[in-house]
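*Asks:* Going down the list, the sequences are from chains A and B.
Positions 1 to 441 (the UniProt record's numbering) are the ones given, in order, by the first sequence.
Positions 1 to 441 (the UniProt record's numbering) are the ones given, in order, by the second sequence.
Hints may be right or wrong, so weigh each one.
Because identical chains share one entry, a pair is satisfied inside a single copy or across any pair of copies.
Below are the DSBU-like pairs computed for lysine-lysine, each with C-alpha atoms no more than 30 angstroms apart in a straight line [stated by the list, open to error]:
#  : residue 1 : residue 2
1  : 155       : 221
2  : 198       : 106
3  : 198       : 109
4  : 143       : 110
5  : 155       : 198
6  : 110       : 82
7  : 198       : 221
8  : 155       : 106
9  : 113       : 82
10 : 409       : 300
11 : 109       : 143
12 : 143       : 221
What the hints contain is simulated information worked out from the structure, not anything from laboratory work.
2 protein chains.
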Amino acid sequence: MNQVQTALKALIEDETSFALPPETNDFSEDDWAWLLESLVSEQRILIWPFLKNIDTTAVLAGMREDARLQLVSSLPNKSVHKALANSDASQVIEVLDVLPTSVAKKFIKKLSKETQNHIRESLNYTDDQVGRYANHNVFTVNKSASVESILSELKSVDLPEYTDTFLVTDEQNIFIGEITINELFSAEPQDLVANIAKTSVHIVNADLPLLDASNLLKSTKKSMLPVVTETGELLGRFDINDALEIFQEHYEAQIAHLGQVSDEDLFAPVALSARRRAVWLGINLLTAFMASIVIGIFDKVVAEVVALAVLMPIVASMGGITGSQTLTLTIRGLATGQLGINNVSSLKRKEIAVAAINGVAWSLLVAIITGFWFENIALSIIIAGALIVNMLVAALFGILIPVTLDRMKIDPALAGSVILTTVTDIVGFFVFLGAASLILI
Amino acid sequence: MNQVQTALKALIEDETSFALPPETNDFSEDDWAWLLESLVSEQRILIWPFLKNIDTTAVLAGMREDARLQLVSSLPNKSVHKALANSDASQVIEVLDVLPTSVAKKFIKKLSKETQNHIRESLNYTDDQVGRYANHNVFTVNKSASVESILSELKSVDLPEYTDTFLVTDEQNIFIGEITINELFSAEPQDLVANIAKTSVHIVNADLPLLDASNLLKSTKKSMLPVVTETGELLGRFDINDALEIFQEHYEAQIAHLGQVSDEDLFAPVALSARRRAVWLGINLLTAFMASIVIGIFDKVVAEVVALAVLMPIVASMGGITGSQTLTLTIRGLATGQLGINNVSSLKRKEIAVAAINGVAWSLLVAIITGFWFENIALSIIIAGALIVNMLVAALFGILIPVTLDRMKIDPALAGSVILTTVTDIVGFFVFLGAASLILI
Numbered sequence: 001m002n003q004v005q006t007a008l009k010a011l012i013e014d015e016t017s018f019a020l021p022p023e024t025n026d027f028s029e030d031d032w033a034w035l036l037e038s039l040v041s042e043q044r045i046l047i048w049p050f051l052k053n054i055d056t057t058a059v060l061a062g063m064r065e066d067a068r069l070q071l072v073s074s075l076p077n078k079s080v081h082k083a084l085a086n087s088d089a090s091q092v093i094e095v096l097d098v099l100p101t102s103v104a105k106k107f108i109k110k111l112s113k114e115t116q117n118h119i120r121e122s123l124n125y126t127d128d129q130v131g132r133y134a135n136h137n138v139f140t141v142n143k144s145a146s147v148e149s150i151l152s153e154l155k156s157v158d159l160p161e162y163t164d165t166f167l168v169t170d171e172q173n174i175f176i177g178e179i180t181i182n183e184l185f186s187a188e189p190q191d192l193v194a195n196i197a198k199t200s201v202h203i204v205n206a207d208l209p210l211l212d213a214s215n216l217l218k219s220t221k222k223s224m225l226p227v228v229t230e231t232g233e234l235l236g237r238f239d240i241n242d243a244l245e246i247f248q249e250h251y252e253a254q255i256a257h258l259g260q261v262s263d264e265d266l267f268a269p270v271a272l273s274a275r276r277r278a279v280w281l282g283i284n285l286l287t288a289f290m291a292s293i294v295i296g297i298f299d300k301v302v303a304e305v306v307a308l309a310v311l312m313p314i315v316a317s318m319g320g321i322t323g324s325q326t327l328t329l330t331i332r333g334l335a336t337g338q339l340g341i342n343n344v345s346s347l348k349r350k351e352i353a354v355a356a357i358n359g360v361a362w363s364l365l366v367a368i369i370t371g372f373w374f375e376n377i378a379l380s381i382i383i384a385g386a387l388i389v390n391m392l393v394a395a396l397f398g399i400l401i402p403v404t405l406d407r408m409k410i411d412p413a414l415a416g417s418v419i420l421t422t423v424t425d426i427v428g429f430f431v432f433l434g435a436a437s438l439i440l441i
Numbered sequence: 001m002n003q004v005q006t007a008l009k010a011l012i013e014d015e016t017s018f019a020l021p022p023e024t025n026d027f028s029e030d031d032w033a034w035l036l037e038s039l040v041s042e043q044r045i046l047i048w049p050f051l052k053n054i055d056t057t058a059v060l061a062g063m064r065e066d067a068r069l070q071l072v073s074s075l076p077n078k079s080v081h082k083a084l085a086n087s088d089a090s091q092v093i094e095v096l097d098v099l100p101t102s103v104a105k106k107f108i109k110k111l112s113k114e115t116q117n118h119i120r121e122s123l124n125y126t127d128d129q130v131g132r133y134a135n136h137n138v139f140t141v142n143k144s145a146s147v148e149s150i151l152s153e154l155k156s157v158d159l160p161e162y163t164d165t166f167l168v169t170d171e172q173n174i175f176i177g178e179i180t181i182n183e184l185f186s187a188e189p190q191d192l193v194a195n196i197a198k199t200s201v202h203i204v205n206a207d208l209p210l211l212d213a214s215n216l217l218k219s220t221k222k223s224m225l226p227v228v229t230e231t232g233e234l235l236g237r238f239d240i241n242d243a244l245e246i247f248q249e250h251y252e253a254q255i256a257h258l259g260q261v262s263d264e265d266l267f268a269p270v271a272l273s274a275r276r277r278a279v280w281l282g283i284n285l286l287t288a289f290m291a292s293i294v295i296g297i298f299d300k301v302v303a304e305v306v307a308l309a310v311l312m313p314i315v316a317s318m319g320g321i322t323g324s325q326t327l328t329l330t331i332r333g334l335a336t337g338q339l340g341i342n343n344v345s346s347l348k349r350k351e352i353a354v355a356a357i358n359g360v361a362w363s364l365l366v367a368i369i370t371g372f373w374f375e376n377i378a379l380s381i382i383i384a385g386a387l388i389v390n391m392l393v394a395a396l397f398g399i400l401i402p403v404t405l406d407r408m409k410i411d412p413a414l415a416g417s418v419i420l421t422t423v424t425d426i427v428g429f430f431v432f433l434g435a436a437s438l439i440l441i
């Protein structure tokens, strides 16, 4: 892929005659999505018209949401419309969902009646629910058909990807059940579908959250599941590739939030990127000022014993790391559902024990180094005590904060680490400087 | 699932008569793995003997590596042996890989000859390569067979999960090609497999890294791919569920490392957990002391102008967040392969521009607040300047550090944030206190 980037770069810089490098001839839609994301905006727009004989809506849908938004909003309307014209509604929706509703509506109007109908159905569901993105490209068999007729139909049909099951419906498109490929092979030609279809099967309710649907599909070890509406109608299917992308998006968003950044395009516009990150920086500034105020309370002792100013980052940062370790584990436990009211107290006991061991061990080392450095035994004792207290508090809050956020239906991965750092900074400075002001002056 | 935990807890606490709650009757292996991970060690061992009519090796293989290690090493050898006896080699290897080699060897000796052979083949590959975990449960067809004979064979065969393709081999088990289900349906009964099999198909080389194989499988939109050795032999298959688990492990490890913790079991033993986390705490302490030394250099000015001690955490933490934002984006770009020599300078330009905008904006605000708080214009100018410098340096190093680590073949997600924090702390304190000592005294 790297060679393609290099070849493309040379061609773009050449400027006289542009053509795509031959390596891109057998590029899939996902390959194109990957390549476009690695280019800066102007280059993306430059090569877009050269994407031919390829489902460009799938390319857009395959891009990260933010990169997709950048590209779609900078392409001429005509190009976007051309891309959307012949695509499956589920992918059209993915593309249009990044646009403002009024703009999206204009594009929808120009689509085929069938696609418009699919889109109308999809819009009954939120962008967090399976129904919105259900893939309509499904091979269904009618319950009154015979095995023989299906087998003969299959001779001329191109099965969609990930078809390991044939979905059975009635004339009103009500979902009846399924026949696995295995079962179809072992059936007799004259058998009726209605008689051999399994009716008690895993289905995905159209209003199920995407992440839950992904977990369900994974645990069933099937390649796809039928998406069924409240009234029992077959809306479409949800396949293992969809699940894989949901998981990837979920984890990438978590990682982005832990890094205090939105899940942004590598080459998002500078102004937009600066504005988005300013939110995180502003929150951080607020918490930093809170820590400053705590230090300010004890400015007399700091002025008198300047070693306190030298050492105070150690107390705060060791608490920060201890808390972050517990927080990370707790957030994962909440996300997998493995941590709940039944075992949170067991986790508390364990984490506090771990923090106590490390607190005592490291505070001893810090006390010794401090003793040699500043030749002040009282200071050694104060920093050791402050470290132990802060690390214990950190472990406790590393559990309490995410558990509380989770109960308040706030994503712990989003806000947890900022709140925790505030706690460990404030407690660290307060205990360390507070003890110093009591003992040293 | 939560109800199962509650029911189980009540039963465990009852202690008189133990039986599994009825909800677990239709538990899959993955459900059991999930449940066991959510229990503390003693409970895991308590309920293990009650797992009946279930592939317990698959349960173990489905658990997180660390939890698996804890459980396997605390179960009696007899239980482990019983679990492994009738399982597929790929899952036996997953379980034994967490044990010391000498212990693993003892278990291997007692397995069936066929499994031992499979294991011997697998051990030719490292625990990072597909060959080691190739699933041997594959339905293959011989190239000299006719379509008719396959169809009749399929009547009585249970196809493995995720079979969307029939793999074709010759008598020596050399991989020849594949027939999709679609192609099999449209073939004539008397066609020979050799004539209709596609020979130019996607395969996974057995020595391919697991993550690359997962990406390949995803991009092909197939449910599984054949795993082929250097000599062309069919070793087994790699399916989309394997890929999904590889991705999950990959992301969970990244998240754990960003939280400065190993990817540990929720209920790992306290001593082990404390030891593992001590490594991260020790590294952090080292960097915290480096920051302290920098502050120590300027202890005179800090003693004279105590406002410096009050404000210095702001400079360090705003730099830290700015750097972490750039670092997060850079690490993702490197992981997806989208960031390389061709576009790293474009990213540098963008990130520095973003940092400059936010640096100027926030330093202005901080200068104003500082001015009102300490009524010292020189101090306002110093902190504003230090903030801008530190945020620019942070953005630059947010790219340089992971790119350099990546070139040195060190995982940037593992060490990147620690090194970056060290840089932003030291630069922040040095610039802020250094400028203060030049200007204020």
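*Asks:* What are the numbers of the hints that this structure violates, sorted from low to high?
*Replies:* The structure breaks hints 2, 3, 4, 8, 10, 11; every other hint is satisfied.
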